[in-house]
Amino acid sequence: MSRAARTDPRRAAGGAAGGLVRQVLPPVVLLVALVGTWHAVVVLGDVPPFVLPGPAAIARKLTTYLDPITSAALVTGRNAAVGLVVGAALGVLLAVVAAVVRLVDVLAEPVVAALAVVPVVALAPVLYAMYGAASEQARVIVAALAVFVPVYVTTLRGLRQVRPVHRDLMRALAATPVQAARTTTIPTAVPFVFTGLRMASSLAVISAIVAEYFGGPRSGIGSFITTAAAGSDYAQAWAYVLGGIVVGLVFYAVTATAEHLATRRAGA
Amino acid sequence: MSAVQEQPASPPTPHPRGAVAVAVQQVSRVFGGRGGDVVALQDVDLTVAAGEFVSLIGPSGCGKSTLLRLVADLDEPTAGTVRVFGRSAREARLARDYGIAFQQAGLLPWRTVRANVELPLALAGTGRAGRRERADELLALVGLADVADRHPDQLSGGMQQRVAIARALAESPSLLLMDEPFGALDEMTREHLQAQLLRICAETRAAVVFVTHSIPEAVFLSDRVVVMSARPGRVRQVVPVTLDRSGATTPGSEPHDDAGDDLRNDAAFFTSVAAVRDALHGGGAAGRGVDVR
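Sequence order for the protein chains is G and Y.
When the letters of the first sequence are read in order and numbered with our numbering, they come out as residues 1 to 268.
When the letters of the second sequence are read in order and numbered with our numbering, they come out as residues 1 to 293.
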């Protein structure tokens, strides 16, 4: 978000079309070049499909299996979304408590540090045993745990960013603690929360997919990638990977937009 | 507090809030630190009459900002008493007896200019219509009515500081506390805002405690200049300033920079500047950190 574009709406409107082309064109050109090279290497080099399937083969599989890929993406997306919401809610809630009660902060710190270090997906097999092999529950929990850490850390940090001059101001204006929280602490923290959410959104999708590698019902993107790869249908596996990429991009785009809206006015 | 205050100010004295705005008696403030205690203020006495403009000037570390923070009850004295309009500093703060402006404008970036000025009124529970009316009135007073719907990051530093002053005036305080409010501004903007502040003070009849490290600024604005010395912070001398400010304080929405310039070229102005400078320099290494232009 450029300052100039914000302060001068005319210039932003006038240059929008040109700016969009300049922003979008280079990555598109790069992508086309990469796919073209990939195709050329596979065709000219006669690369066997189990080493690297060509983009044409993957595109064929993608169109053939569009329905199952879409429904798998929806299952994985749902798991990641529920995990994101639950994990973020818990993260924000506990961060608020930790910001208010110093003891909670001290108690939670090592636990959160431990959670941050442990690869949460590794819990998946244990959780499948707890919730049964037919349940999506384990995947949601894995995603929620992965989301919790960055959201908690950034929110707690944000809640402590109130500028000293604002703290003095609140005191000088005889604001009650609730008023001070509403007028300064929360607005200061909100952009941090959304930055945490953006970071966490990718983690939610990755965790939901990888958790599927470890078992559970055959429903999501991750399950089908493993099945396709086990059946030596690598082009199909890649088609499912593309489905996973789309889910990840959607999550990122939604949270990045939310972050942009939230941080628009937060610059001091 | 409101009933007395909101009467239209009539030129003849006595002041509706009594004779004394601020009474500081034998105040000391010691900051405990790892490297030992630091005496920021020692045995400071200061009385500010209602409607009087008093500047605190001195080298860096002389405790002038600390003294202001004690009056505002943003900090508490180690010894001594601070009374504001006859009550303790804490009671005065809770009663919202003063308005305050800091060196940083300290506006809330997520609120519009108008909403920033409305903030003290919103916290005090004033209704929406009343808030808006008062904010527009204050923004007109500081000459910023046309930017009311903008956000602070779209304003220059000088404009932000004017918004902060409008915010400080929101509840028509009888006391205005200002901690180097023009310190970060360029000389042109600074003189312009000084002239505006003089006019605003004449209109509102508020007492002002003004921290600065510019001698001309202190002399231009003040009835009395309190010269402080550092380590430990004490009041070294109080210099009375007698300038005829009637030209610069004529009410009106336009700033009176020309009248301000006349005042700055007055012989009495130079005499007072010299007096304050002598007071600052008398007694060794006091000049550090002081703007002696």
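Accuracy of the hints is not assured; some may be wrong.
For each label pair, taking beta carbons as the anchor points, the in silico distance ranges come out as [as the list claims (entries may be wrong)]:
hint: 1; chain 1: G; residue 1: 257; chain 2: Y; residue 2: 266; range: 43 to 49 Å
hint: 2; chain 1: G; residue 1: 117; chain 2: Y; residue 2: 45; range: 56 to 62 Å
hint: 3; chain 1: Y; residue 1: 128; chain 2: G; residue 2: 263; range: 25 to 31 Å
hint: 4; chain 1: G; residue 1: 178; chain 2: Y; residue 2: 43; range: 35 to 41 Å
hint: 5; chain 1: Y; residue 1: 130; chain 2: G; residue 2: 254; range: 39 to 45 Å
hint: 6; chain 1: Y; residue 1: 203; chain 2: G; residue 2: 182; range: 49 to 55 Å
hint: 7; chain 1: Y; residue 1: 38; chain 2: G; residue 2: 122; range: 26 to 32 Å
hint: 8; chain 1: G; residue 1: 85; chain 2: Y; residue 2: 26; range: 55 to 61 Å
hint: 9; chain 1: G; residue 1: 125; chain 2: Y; residue 2: 128; range: 41 to 47 Å
According to the in silico footprint, chain Y covers these stretches of chain G (three or more CB under 8 Å from chain Y) [claimed, not checked]:
hint: 10; region: 87 to 95
hint: 11; region: 209 to 223
Keep in mind the hints are simulated off the structure, nothing from the lab.
Note that the structure is predicted; figures quoted are calculated from it, not measured.
We put the beta carbon where it would ideally sit given N, CA and C, even for glycine.
How the hints compare with the structure:
{"no.": "1", "hint": "257/G with 266/Y: 43 to 49 Å", "verdict": "violated (60 Å)"}
{"no.": "2", "hint": "117/G with 45/Y: 56 to 62 Å", "verdict": "holds (59 Å)"}
{"no.": "3", "hint": "128/Y with 263/G: 25 to 31 Å", "verdict": "holds (28 Å)"}
{"no.": "4", "hint": "178/G with 43/Y: 35 to 41 Å", "verdict": "holds (40 Å)"}
{"no.": "5", "hint": "130/Y with 254/G: 39 to 45 Å", "verdict": "holds (41 Å)"}
{"no.": "6", "hint": "203/Y with 182/G: 49 to 55 Å", "verdict": "violated (33 Å)"}
{"no.": "7", "hint": "38/Y with 122/G: 26 to 32 Å", "verdict": "violated (53 Å)"}
{"no.": "8", "hint": "85/G with 26/Y: 55 to 61 Å", "verdict": "holds (60 Å)"}
{"no.": "9", "hint": "125/G with 128/Y: 41 to 47 Å", "verdict": "violated (58 Å)"}
{"no.": "10", "hint": "87 to 95", "verdict": "violated (count 0)"}
{"no.": "11", "hint": "209 to 223", "verdict": "violated (count 0)"}
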